[in-house]
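Start from the sequences, fold in the hints, and give me the full structure.
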Amino acid sequence: NAGVTQTPKFQVLKTGQSMTLQCAQDMNHNSMYWYRQDPGMGLRLIYYSASEGTTDKGEVPNGYNVSRLNKREFSLRLESAAPSQTSVYFCASSELGGGVGGELFFGEGSRLTVL
Amino acid sequence: QKEVEQNSGPLSVPEGAIASLNCTYSDRVSQSFFWYRQYSGKSPELIMSIYSNGDKEDGRFTAQLNKASQYVSLLIRDSQPSDSATYLCAVNIDGNNRLAFGKGNQVVVIP
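Those protein sequence lines, which keep their order, are chains A and B.
Per this note's numbering, the very first residue in the first sequence carries number 6; after that it's consecutive.
Per this note's numbering, the very first residue in the second sequence carries number 20; after that it's consecutive.
No farther apart than 30 Å at their CA atoms in a straight line, the calculated lysine-lysine pairs in the DSS-like style are these: (1) 61/B <-> 14/A; (2) 61/B <-> 62/A; (3) 21/B <-> 75/B; (4) 61/B <-> 76/A; (5) 14/A <-> 122/B; (6) 86/B <-> 21/B; (7) 61/B <-> 19/A; (8) 76/A <-> 62/A; (9) 62/A <-> 122/B; (10) 19/A <-> 122/B; (11) 86/B <-> 62/A; (12) 62/A <-> 21/B.
It is worth saying that the hints were derived from the structure and are not from the lab.
Shown next as structure tokens:
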């Protein structure tokens, strides 16, 4: 059982380049999330999808776009990467969202460096 | 005020002692509270969830919730070197669909 799979695990970009982080879960979860983690800042929510067909902004959405391709897949796109987007990105999924029983299952993370 | 606050700096505890971590939150209607553990370079993993006021025990871990004071804590009894990690407090906000995380507290257990 793979759980939550993120690709790529490492990526180096130049300022202005674009890229997409892919995330897939095989747990039949309804909700999916993209967080970024920076030193001393904890996990900050970028975008989330409460269910297939819906997406909503989180705490730090500027500079990102998302697509909930189907129930399994939730991608995060950087259209024009900036050094401030250097971070570790985590995808997560949950059967019940943030409510009772709403445990998040995390992928292994994607380390992105923007030069 | 941030949605979830963990203000304590790194916590060093001797092996076998109790580690105590605190978390406050701002959303009075929050109903779900979680503690995640994150080892360096790894992803967070759930160690405790709590939904009702009072204490919840699971092995060496005890979560305590006080909704009136908007406060949740985690106690680690008989701390082991393997407990050395960063502990993240998470609280559901805006209904049921998303979690906000605190900045985390680093715990170092000294053999």
